[in-house]
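Read off the chains here:
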Amino acid sequence: MPIAMISALYSVPVSLGVNRVIKGARIEHVCGNPALGSERDRAYRLQVVRTALQSLTRAISTPLLLDPTQEAT
Amino acid sequence: MRLEVGTFPVRDVVFGSRTRWDDGILTIDRGPVLDRIRRDNRILDVDLVLARPGESLRIVNVRDVIEPRVKVRGPGVTYPGICGRSIETAGSGVTHRLSGVAIVESANVVFYDGNDGWLDRFIDLAGPGAEAAPCGSLLNLCLVLKVTDEISLEERNHAAHGAALDLSDTLARVTTDLTPPSKEVFELAPCDSSLPKVVYITCLRSPQHYSGSLTASWMSVYGLTRLTPPWHLHPNELLDGAISGPASSHSATTSWTMVNNPIVLDLYGDHGRQINFAGCIAIRTRWSEQSEKELTALQAAKLAQLLGASGAVITYDAGGNDFIEVIHTVRACERLGIKTVLLTTETPPEAEGPPLLEPLAEAVAIVSTGIGRPSLERLALPSPARVLGGSELMATASKPWERIPSNAPMDFHRWSDHYGLGCESAFEY
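One line per chain: the protein sequences are V and H, in this order.
Okay, so the first sequence: first residue is 1 according to the working numbering, each after it adds one.
Okay, so the second sequence: first residue is 1 according to the working numbering, each after it adds one.
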């Protein structure tokens, strides 16, 4: 079963061989950023979660480390 | 920077009519010493009890262990910056120390409200617990404080640790006009340019993340506990206690450990012989973002490179995600061609993970201090006959709400040896 891991400290899952790692923001708010204000924070949160979900549908041959702000979601 | 450290060994402590050091005996006139502490009206109650190694005694709510050290000549003070002490650069002049004795700060004051801010440290003076930790072989002067709860938590911390440092000054000052039985000069004299330059990188957890405060009480650098960029320190500053402060967790570093840091002393001993001790770098750990952690690592490595280092020894003082800064510093140093040795504990086998949280390939030279106990079995601590500092303690390190009586036997003991002070051999491990 494919697993996507969203992590603020993503170097750890990457070095441990997790196949689909999505960069989170900070430990205090992994999937969001309250500093953006509620509307843009929501958009960012959707970006993070959609990146994670979409990664599950990708066939991969090497581990993925994805930055939600760089992905088209 | 030239620092002369005069050592006054203490082989016993007695309570008597005049506070003085004489031929290895430290006499303490308890009345005036305690009155002085009571002058701070934030301290509701105070007691000073001597605990000798081998006694069946446990001290709980331990916040710090402090070696009495005082500046007798030259600029600045020992343990600078913390609790309002002078921030003048330490590490030169003359410092006197009382060896073989330590002040154990025990108080009813947590460090901050939040994870790991609670008091979970205790010291056993007899049994396996005493063998594991260096405090078990020191004369422990337990300063048991009760601080008022009508002030802020940060002020309570200030009062408790300030009282312990004041006691350290009072005791060490009796040696001011005396000639030390032995003294050592610490100076990084110019040496053979072919000797490889080695730096010591010490990684220190910051409480900023868990406490949400820039000024939470903790192991500090010149009194600062907040997340800061790397510090460049002369080893003499460490010997004068520039890195000092109370901290929680059973295996946290103590102020005593940092002024007696075996890495610093060993590198100093080798200076001019096998290496050129190029200096110390202190980084704070527990940044809460990946790029901040990597930035600290890259900047520490850059600083080492600017100091001309071709080798580095790295230690750290707390586990968990603090380790990410540490291992990335190893990687950053190695990538700059600085051969790096990491001194570390390992996760015990029952934790079922890798021995290191993030095993990066660049970490090729690792010295392990073990898993914190001599064997794979749990290290059982017997019930002590006597307890100081409180009637209950945390049952486990991570559940502060679970309390047991202070004199309960513990079925598990684990002490992280961060600096190589342990006594177990490789065969035992």
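No wet-lab data here; the hints were simulated from the structure.
Quantities reported herein were computed from a predicted structural model and do not represent experimental measurements.
There's no promise every hint is true.
To list a few chain V residues with every Cβ distance to chain H over 10 Å, as calculated [stated by the list, open to error]:
| no. | residue |
| --- | --- |
| 1 | Ala4 |
| 2 | Ala8 |
| 3 | Tyr10 |
| 4 | Ser15 |
| 5 | Leu53 |
| 6 | Leu64 |
Each pair of labels, with its calculated beta carbon distance range [as the list claims (entries may be wrong)]:
| no. | chain 1 | residue 1 | chain 2 | residue 2 | range |
| --- | --- | --- | --- | --- | --- |
| 7 | V | Gly17 | H | Arg52 | 34 to 42 Å |
| 8 | V | Ser61 | H | Leu360 | 18 to 26 Å |
| 9 | V | Ala43 | H | Pro405 | 50 to 58 Å |
| 10 | V | Ala43 | H | His232 | 41 to 49 Å |
| 11 | V | Ala72 | H | Glu392 | 23 to 31 Å |
| 12 | V | Ala43 | H | Ser194 | 54 to 62 Å |
| 13 | H | Glu392 | V | Gln70 | 35 to 43 Å |
| 14 | V | Leu56 | H | Ala380 | 44 to 52 Å |
| 15 | V | Asn19 | H | Ala351 | 22 to 30 Å |
| 16 | H | Leu306 | V | Arg58 | 41 to 49 Å |
Positions of the beta carbon are idealized from the N, C-alpha and C atoms, including for glycine.
Subject >> Unmet hints by their number, sorted upward, for this structure >> reply: Violated: hints 2, 3, 4, 7, 11, 13.
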